[in-house]
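Read top to bottom, the protein sequences are chains F and W. Counting with the numbering used here, you get residues 363 to 804 for the letters of the first sequence. Counting with the numbering used here, you get residues 363 to 804 for the letters of the second sequence.
Because the hints were derived from the structure by calculation, they are not lab data. You may find that some hints are simply not true.
Claimed, not checked - Pairs of lysine to any residue, SDA-like flavour, derived with a Cα cap of 20 angstroms:
| id | chain 1 | residue 1 | chain 2 | residue 2 |
| --- | --- | --- | --- | --- |
| 1 | W | K479 | F | S749 |
| 2 | F | K479 | W | R464 |
| 3 | F | K389 | W | A394 |
| 4 | W | K768 | F | E469 |
| 5 | F | K451 | W | D637 |
| 6 | F | K479 | W | A394 |
| 7 | F | K708 | F | A685 |
| 8 | W | K416 | W | A440 |
| 9 | F | K795 | F | Q765 |
| 10 | W | K680 | W | H651 |
| 11 | F | K756 | W | S460 |
| 12 | F | K479 | W | A706 |
| 13 | W | K462 | F | D751 |
| 14 | W | K768 | F | N609 |
| 15 | F | K389 | W | K462 |
| 16 | W | K462 | F | S480 |
Claimed, not checked - Stretch by stretch, here's where chain F covers chain W in the computed footprint (C-beta under 8 angstroms, at least three residues):
| id | stretch |
| --- | --- |
| 17 | 373-379 |
| 18 | 522-531 |
Built from N, CA and C at the ideal position, the CB exists for glycine as well.
Protein chains: 2
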Amino acid sequence: MGRIKRIINPELNAISSLLARPSSDSKSVETAVSAIIARVISEGDAALLAYTQKFDHVSLASLIVSSEVIAEAQKGLAATLRAAIDHAKQNIYKFHWSQKPRDEQVETQPGVYCWRKSIPIEKVGIYVPGGSAPLFSTVLMLAVPAQIAGCKEIILTTPPRHDGSVDPAILYAASISGVTKVITVGGAQAIAALAYGTESIPAVDKIFGPGNRFVTEAKQQVATHQCAIDLPAGPSEVMVVIDATSNAAFAAADLLSQAEHGPDSQVVLVVEASDEATGHAIVDAVESHIAMQITHLSRHEIIRASLEHSKAVIITQKELTAAVINSYAPEHLIINTANLVELATKIQHAGSVFLGQWSCESVGDYASGTNHTLPTAGWARSYSGVSLDSFYKKITFQRITCQGLKAIGPIVEVLASGESLEAHSEAVSVRLKSLRRSDECL
Amino acid sequence: MGRIKRIINPELNAISSLLARPSSDSKSVETAVSAIIARVISEGDAALLAYTQKFDHVSLASLIVSSEVIAEAQKGLAATLRAAIDHAKQNIYKFHWSQKPRDEQVETQPGVYCWRKSIPIEKVGIYVPGGSAPLFSTVLMLAVPAQIAGCKEIILTTPPRHDGSVDPAILYAASISGVTKVITVGGAQAIAALAYGTESIPAVDKIFGPGNRFVTEAKQQVATHQCAIDLPAGPSEVMVVIDATSNAAFAAADLLSQAEHGPDSQVVLVVEASDEATGHAIVDAVESHIAMQITHLSRHEIIRASLEHSKAVIITQKELTAAVINSYAPEHLIINTANLVELATKIQHAGSVFLGQWSCESVGDYASGTNHTLPTAGWARSYSGVSLDSFYKKITFQRITCQGLKAIGPIVEVLASGESLEAHSEAVSVRLKSLRRSDECL
Numbered sequence: 363m364g365r366i367k368r369i370i371n372p373e374l375n376a377i378s379s380l381l382a383r384p385s386s387d388s389k390s391v392e393t394a395v396s397a398i399i400a401r402v403i404s405e406g407d408a409a410l411l412a413y414t415q416k417f418d419h420v421s422l423a424s425l426i427v428s429s430e431v432i433a434e435a436q437k438g439l440a441a442t443l444r445a446a447i448d449h450a451k452q453n454i455y456k457f458h459w460s461q462k463p464r465d466e467q468v469e470t471q472p473g474v475y476c477w478r479k480s481i482p483i484e485k486v487g488i489y490v491p492g493g494s495a496p497l498f499s500t501v502l503m504l505a506v507p508a509q510i511a512g513c514k515e516i517i518l519t520t521p522p523r524h525d526g527s528v529d530p531a532i533l534y535a536a537s538i539s540g541v542t543k544v545i546t547v548g549g550a551q552a553i554a555a556l557a558y559g560t561e562s563i564p565a566v567d568k569i570f571g572p573g574n575r576f577v578t579e580a581k582q583q584v585a586t587h588q589c590a591i592d593l594p595a596g597p598s599e600v601m602v603v604i605d606a607t608s609n610a611a612f613a614a615a616d617l618l619s620q621a622e623h624g625p626d627s628q629v630v631l632v633v634e635a636s637d638e639a640t641g642h643a644i645v646d647a648v649e650s651h652i653a654m655q656i657t658h659l660s661r662h663e664i665i666r667a668s669l670e671h672s673k674a675v676i677i678t679q680k681e682l683t684a685a686v687i688n689s690y691a692p693e694h695l696i697i698n699t700a701n702l703v704e705l706a707t708k709i710q711h712a713g714s715v716f717l718g719q720w721s722c723e724s725v726g727d728y729a730s731g732t733n734h735t736l737p738t739a740g741w742a743r744s745y746s747g748v749s750l751d752s753f754y755k756k757i758t759f760q761r762i763t764c765q766g767l768k769a770i771g772p773i774v775e776v777l778a779s780g781e782s783l784e785a786h787s788e789a790v791s792v793r794l795k796s797l798r799r800s801d802e803c804l
Numbered sequence: 363m364g365r366i367k368r369i370i371n372p373e374l375n376a377i378s379s380l381l382a383r384p385s386s387d388s389k390s391v392e393t394a395v396s397a398i399i400a401r402v403i404s405e406g407d408a409a410l411l412a413y414t415q416k417f418d419h420v421s422l423a424s425l426i427v428s429s430e431v432i433a434e435a436q437k438g439l440a441a442t443l444r445a446a447i448d449h450a451k452q453n454i455y456k457f458h459w460s461q462k463p464r465d466e467q468v469e470t471q472p473g474v475y476c477w478r479k480s481i482p483i484e485k486v487g488i489y490v491p492g493g494s495a496p497l498f499s500t501v502l503m504l505a506v507p508a509q510i511a512g513c514k515e516i517i518l519t520t521p522p523r524h525d526g527s528v529d530p531a532i533l534y535a536a537s538i539s540g541v542t543k544v545i546t547v548g549g550a551q552a553i554a555a556l557a558y559g560t561e562s563i564p565a566v567d568k569i570f571g572p573g574n575r576f577v578t579e580a581k582q583q584v585a586t587h588q589c590a591i592d593l594p595a596g597p598s599e600v601m602v603v604i605d606a607t608s609n610a611a612f613a614a615a616d617l618l619s620q621a622e623h624g625p626d627s628q629v630v631l632v633v634e635a636s637d638e639a640t641g642h643a644i645v646d647a648v649e650s651h652i653a654m655q656i657t658h659l660s661r662h663e664i665i666r667a668s669l670e671h672s673k674a675v676i677i678t679q680k681e682l683t684a685a686v687i688n689s690y691a692p693e694h695l696i697i698n699t700a701n702l703v704e705l706a707t708k709i710q711h712a713g714s715v716f717l718g719q720w721s722c723e724s725v726g727d728y729a730s731g732t733n734h735t736l737p738t739a740g741w742a743r744s745y746s747g748v749s750l751d752s753f754y755k756k757i758t759f760q761r762i763t764c765q766g767l768k769a770i771g772p773i774v775e776v777l778a779s780g781e782s783l784e785a786h787s788e789a790v791s792v793r794l795k796s797l798r799r800s801d802e803c804l
């Protein structure tokens, strides 16, 4: 493994290009995905079965996992894993429950009452990627807030394993978090099915969940015309900020845990130091811990590939640290420096922030209660991670009394006339005239 | 004007096709818009000036409206209009201020602290359409909540008038609601400039505002890769629900005020009646009021075109009303029936609801305080209208104490191993081991 590329005190306006993520636009993915979506729209379940045969090499008898199989799933799990899933669910439930919206009525002027009503999104779809491991944590992160919000249908879709089944840990997590249907389909075809519906899969109002480039592209395509989505998703990222007081072994472990997600994972180390030599020494120490720790890890090839394009930023001018963080707008940010409380107040753009040496990202990934579905690729500038809010929409209501209209009506007439929208003005005038005729509010 | 098309007691599963909005997919708009975006990216201000010459027939000396011109704008306004704009601003401010987020910390288990921090989106862009009238109300609806949230840059862009200037009412509204820069550019080129930035226009993080098909398409294109947007936008809509107790003249005025927006505006009347004959009589009454009122309106041609494709649904089975409303998911919903309180509780999908005979839509469009930027085309199933929330993103934070990690760490190890993410588990293990060495939390 080569040395991590080092950047020293970057110029403010150079930070974004020095830390630029690789772009992954691909016309071929776009074309392939729109063909898949079109076929799912026209052929429905038959297209899903055919794509599952083609991409997952599995012939499914049914796309739907029966409720008996779901109920039985817990028997296939070790008791410790089941208890750990239960525990994680509890914390996720607690943190997301605290986000319950409070809708209050406001009388903006006498007789003019305005309020919002939070209503759960009726039907939501949750995509859980397949691959080497069963991502039951994604089930909890997306289904638990849907359950708290009260979504009526929570449809989970995930690619089948080689034998056509779904991992029992995924089914168990689904069973304790209100999932109403589990479907054995993956890839862009699963997103198309959730967005447009098929004979056996109901169309949903919003799709959540991570996925590969095909899944992400499919989410973006359906988002334009058909169905809301949670976030624009991309490869996972962490920025780890340390100084001379930090434990280098912990930092190394945090970088490795991000790098194991995939060869396209983004890993950035930021080192605050009194001078350049100290900065280099700190990076050296982290690198040597990485070299030691990596030998024990089974996913070391993925990790090496990811670390190839990782970077270390050495900062000797402390005021630069927040600028580097905010310019990069990392999905995950771990701050483990002596001045962490002060630095935390300066964070403007990040998905989720982990403060102090005991707050490692993996605790938040699984069990502390925060959501792990977060904005990547700099989208933290404008997007929040998934939260309870993501499962509601808010309808505004207003009720204006007769007296209220008498007071506000003439103002609306002036405003509507000012925009040359005469009929808007008339909708008020016809009411005010009827009031003048009847002379008073009843 | 022909009679409004009438639908009697539609079957539940036929409602959506009977009330289907016209689809407006157009490959030619898509192609034209992507060419405009590409040219703005490569040529910057020069492209904006060239497109303004081409589409608006104006040669601009500068794209930016000077602060002197903005400050002078109020002199060009009638005092009554200025006062009405001030009044509207006050109510909008009050209602959106009440939506201020309250971030609270949760200790999900001892020593595990999680919270969210609401941070204003740093740079927002507001698009205000040009055309026949100055839409200063859109300025208030989008800039006031941005101002309350504390967005650092609020960039307004609007097409120039024939003489290259911007209407003083727009400038005045901008000046009282915290807009930091006003730019004289319209169309897809304005959206491209906001998303990618040019020499004189800073790139923003999120774009708000309505527009024609080119603007809407441009927002969708930049949303995929570059910049967040408020909502998928489309032609405006109203559904008006009345019964035999309602004032037919008011209903007619409400339908007309929606229809004047444009020939593609969607207008639907829903009539609850004891029997079909009564239902027809109520629709007849509304139609005759429309015929009387329309003669006074200057925009009657637009209105006639819009009413051509409007519909009336007559319902004699009361339980059907909520199903019709929820299936259509109208942007604006006016409920003016005897049972309005009960009916309001059944509304699941709508943008903004107006209750009772004095609550006409135009009051909410301008001055009651609610936002008029709302989901159209059925997007109310999954989207909220613009609110204060739209101008924030929320970052999650967590801090775990040494004791907290001792308790939760072993659970995270089990979960990470269950997902075969060994490095995630190790990030905890390396910390727990160091604790065992030092024997206790300090």
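Verify the proposed pairing of W/K768 with F/N609, using a straight-line Cα cut of 20 angstroms.
-> Holds, at about 17 angstroms.
Within 20 angstroms, alpha carbon to alpha carbon, are F/K756 and W/S460?
-> Between F/K756 and W/S460 the Cα gap is close to 14 angstroms, so the pair holds against 20 angstroms.
Given the proposed pairing of W/K462 with F/S480, does the C-alpha separation stay at or below 20 angstroms?
-> Distance ~15 angstroms between W/K462 and F/S480 Cα, so the pair holds.
Chain F over the stretch 522-531 of chain W, status - at least 3 residues with CB closer than 8 angstroms | violated (count 1)
Could you grab the alpha-carbon distance between F/K451 and W/D637 and see if it respects the 20 angstroms cut-off?
-> violated (52 angstroms)
Keeping to a limit of 20 angstroms between CA atoms, is the pair of F/K479 and W/A394 held or broken?
-> violated (40 angstroms)
Does the alpha-carbon distance linking F/K795 and F/Q765 stay inside the 20 angstroms limit?
-> The hint holds at about 14 angstroms.
Are the Cα positions of F/K389 and W/A394 separated by 20 angstroms at most?
-> The hint holds at about 18 angstroms.
Assess, step by step, whether the Cα of W/K768 is no farther than 20 angstroms from the Cα of F/E469, and give holds or violated.
-> With a Cα-Cα distance of about 50 angstroms, the restraint between W/K768 and F/E469 is violated, given a limit of 20 angstroms.
Would the pair F/K708 and F/A685 pass a check requiring their Cα atoms to be no farther apart than 20 angstroms?
-> Given pair F/K708, F/A685 holds - Cα atoms ~9 angstroms apart, limit 20 angstroms.
Within 20 angstroms, alpha carbon to alpha carbon, are W/K462 and F/D751?
-> Given that 20 angstroms is the threshold and the Cα spacing comes to 14 angstroms, the pair holds.
Under the criterion that the straight-line Cα-Cα distance not exceed 20 angstroms, is the pair F/K389, W/K462 satisfied?
-> Violated, at roughly 42 angstroms.
Of the numbered hints listed earlier, those contradicted by the structure are 4, 5, 6, 8, 10, 15, 17 and 18.
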